Amino acid sequence: MTGLDPSLLESLLARALRRGGDYADIFFERKRSQSFRLQDGVIHEASVGMTMGAGIRVISGERSGYAHSDDLSPESLAKAADVAALIADDPNAATRSIAIVARVVPAMYDRFDEAPIDAAIIVDYLHRADVAARAIDRRIDAVNASFSSELQEVQIAASDGRLVYDRRPLLTLGVQSLGTHEGRRANGYYGDGGRTGIDFFLTTTPESIAERSGHIAATNLDAREAPAGEMPVVVGGGGGGVLLHEAVGHGLESDFNRQGTSLYSGRVGERVASDLVTIFDDGNLHGERGSLAVDDEGTPGQHKVLVERGILRGYMQDHLNGTLMGTPSTGSGRRQSFRVMPQPRMCNTHMPPGDSTFEEIIASVERGVYATSFAGGQVEISKGDFVFMVAEGYLIEGGKITAPIRGATLIGNGPDAMTKVTMVGNDARLANRSYTCGKGGQYVPVGVGMPTVKLSQCIVGGSRVG
Amino acid sequence: MSDSLRIALAAVDAAMAAGATDAEATTSIADRFSAEARDVQLTKLEQSRSRSLAVRVFVGRRRAHLGTSDLTTEGIGELCARAVEAARFVSEDPYAGLPERFASDLDATALGIAADDVIARAADEKVADIRELERRIRASDPRIDNSNGSRIGDAAGETSLANSRGFRASYRSTSASLGTSPVARDGESKRISYYGTAGRSYASLDSTTVVAHEAVRRALAMCGAKTPPTAKMPIIFERDVAASVLGDLFHAFSASNIAVGNSYLVGKVNERIGSPLVTVIDDGRLVGGLGTAPFDSEGVASQATTVIDAGILKTYLFDTYYGRKLGAASTGNAGGGGAIGVNNLYLKAGDTSLNELIAATPRGILVLDTIGFATEHASGVYSRGARGLLIENGELAGPLDGFTIAGTFLEMLAGIDRVANDLRFDSGVVSPSFRVAEMTVSGAG
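Protein chains in written order, with the numbering used here: chain A, 1 to 466; chain B, 467 to 911.
Bound conformation, chain A alone (with noise of 0.2 Å):
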């Protein structure tokens, strides 16, 4: 197992808590990734990366210190455990004696490789994608592809004993399509992949995540310009879910709530959503990219139910806040590295199926949008308001699709935009592994899905007015 000695670790968690806390941790972390990227029809270029080095943290009530260090001596550990010591200073403070027993975690990714992928097999992925996307739409004029694979090896050890060790694969092939059309340009993406190795195009082709790609962006060519004003929204499935993640989502994470500062702060038991909305947020799907064995924090990756049929049923806890709120972690610490301290997080956020079909929903609609792709969003968690922005959309006139829009901001307020959820669709399905999230300046991979679903009124952010 890649990490650092156990009898090393114990002695840094010790030394860590000589001026007093309530625990301590240390997260090692060694991150091998490699990615190609092909442009203008060749292999543009080729990077390799390496990420290695440890962290240490002293928790003391509501107080964190954190110091880490590329450096793996002895020396340089010891130095960065006195640091985050900083944090207590507890006058009583007793040498105490740490012993940690190596866990056993559950296997959580789909089969990978410790050596890197074979770069000759992801050329030719690549120019396959390439060939793929152009051959979609002959306005289609220029494809980047690119991609990238990492394992990320960590070790996570804490002053309550536990030792884990956990092997995290991830991939993604992503391609952009660029067309013009009557002088406009417009452009398609797409990717795919998540916590997997090169076997995942055993069942998947480059050629149908390019095809995809070009696919958006044939459409966003003919694409009009988006309506303004409050209309009826239908959310396709999939990547859809990203509703869900900035409408409810990251107002459950257990920080907010904790500090009061989340619209949803106190609200476990109260309705936040119709009747219709169920959502959970799952560590432990196999192979998504927000999938952990266990999360940063060392403690296993977990099925949440946040909301159930519109009642809030409870928040997302890493250590610090669930200790804090007398509450266990639900697996939800994350980090983007060794080099900052973990925050309570979304791993892949949900919605089961509801009854609808997909053609009553889009038949239920007089007037309003379609939007099937998603580019990403945005919320500010105190008042609750947020945005998704729209990378693939269509108009809905008389209950039928008709043309293309182009790419609009939809607006909302989370519980409003909850309540407003009056169909939901039996089509349920996770979203193309290609979503990361950000939070506080760190990235993670993150999952999400959501059957179609239908929203009496959102704020369409195009520029045609009436």
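It is worth saying that the hints were derived from the structure and are not from the lab.
Do not take every clue at face value.
[To be verified] Derived DSSO-like pairs: lysine-lysine, alpha-carbon spacing no greater than 30 Å straight-line:
(1) K692/B / K439/A
(2) K692/B / K734/B
(3) K814/B / K734/B
(4) K510/B / K439/A
(5) K698/B / K814/B
(6) K698/B / K420/A
(7) K791/B / K780/B
(8) K31/A / K439/A
(9) K439/A / K420/A
(10) K31/A / K510/B
(11) K692/B / K420/A
(12) K400/A / K698/B
(13) K79/A / K439/A
(14) K400/A / K439/A
(15) K79/A / K592/B
(16) K510/B / K592/B
(17) K592/B / K439/A
(18) K734/B / K79/A
(19) K420/A / K400/A
(20) K780/B / K734/B
(21) K734/B / K698/B
(22) K734/B / K791/B
Given the structure is predicted, the values throughout are model-derived calculations rather than measurements.
Starting from the structure of chain A, add chain B where the hints point.
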């Protein structure tokens, strides 16, 4: 010789030994401090030395890049070998290679980017600042009853660049920042805001009094906000949000996006793309600027580049590679990792105050904040969630939120009809407030 330069030189040697025909290495070593307080309590204290190495290897006209935090001799050697191996799979590219000319003026002293007060200041004093911020915001108004914390942070470090053509140079730099995020109670709702200050030195930062006042003002200003009706009207972008528009605009004139057609500014050099009030400059040598350095990540001298001159697009921003590809010289904008970066990008200030600009607007919205981000560099469609203040008869007339503003970047640039005089260099991308004659506000109805 400093540690960072020694590591950079060793990395160049390792890359050449692994079979590279040219190599370039950048090392960055920085001591970072950060602390957070909430209410009267210190909640977070972090202190570390961060080290990183980035290397570009060239094997003839093929190139690969590596980034690592493993600075051991074996670690650097192994990764260089992997990078050279990866480069074998990259296509021959006639434009790949090190620059022909490197910066000759390597003295960063006159640039004002390293301040002694960052290194000298005691941790206790820094912590006292954020506890003071927490006290001030909570004492300012009874509606401020919570916060998302006050933060202070600084970094002091050295960057070294070496390559196989004999270029070797180092410079020291520092930075400091201070900010707070109060939460105001607004009936059943809450309003969170943020205001921060950043600079190369502690002396250049706004005082805790100013930071607390600005943050509180922004939180309280939004209390009782309503969603406006859907309509077309003038939009004033207040300077922080104006800077974010300029940041989006940068993607459109970055040569890496131009080269792949991912921009609405392809083929528009020497054409009018904005009103005569639009002059956009990237200045890599601005004294004390947060984006200032003596040379870019390839060792090319930093310079001031006028990108848009009185509405006319004059140039894109280039590194050496995209310059060669598009037939231009580097503008000193190599940002590392093969990306184009900004130095100090700003819109030239006008001569009226923001208040005069508001007074000259019969009906419109002063936008204080947007949410959402740029995704449409190709088409230039702009659409964001927004918060701000209604303007009626030249006066502020109440807060608005839950709406979007939309248009295209080209319409917005052409529509800029007033630019204020409130430009401040407190970030790498800054702008004075400006007004766009008409945008679509999408809200109720």
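* **Hint numbers contradicted by this structure** => Numbers 2, 14 and 18, in rising order.
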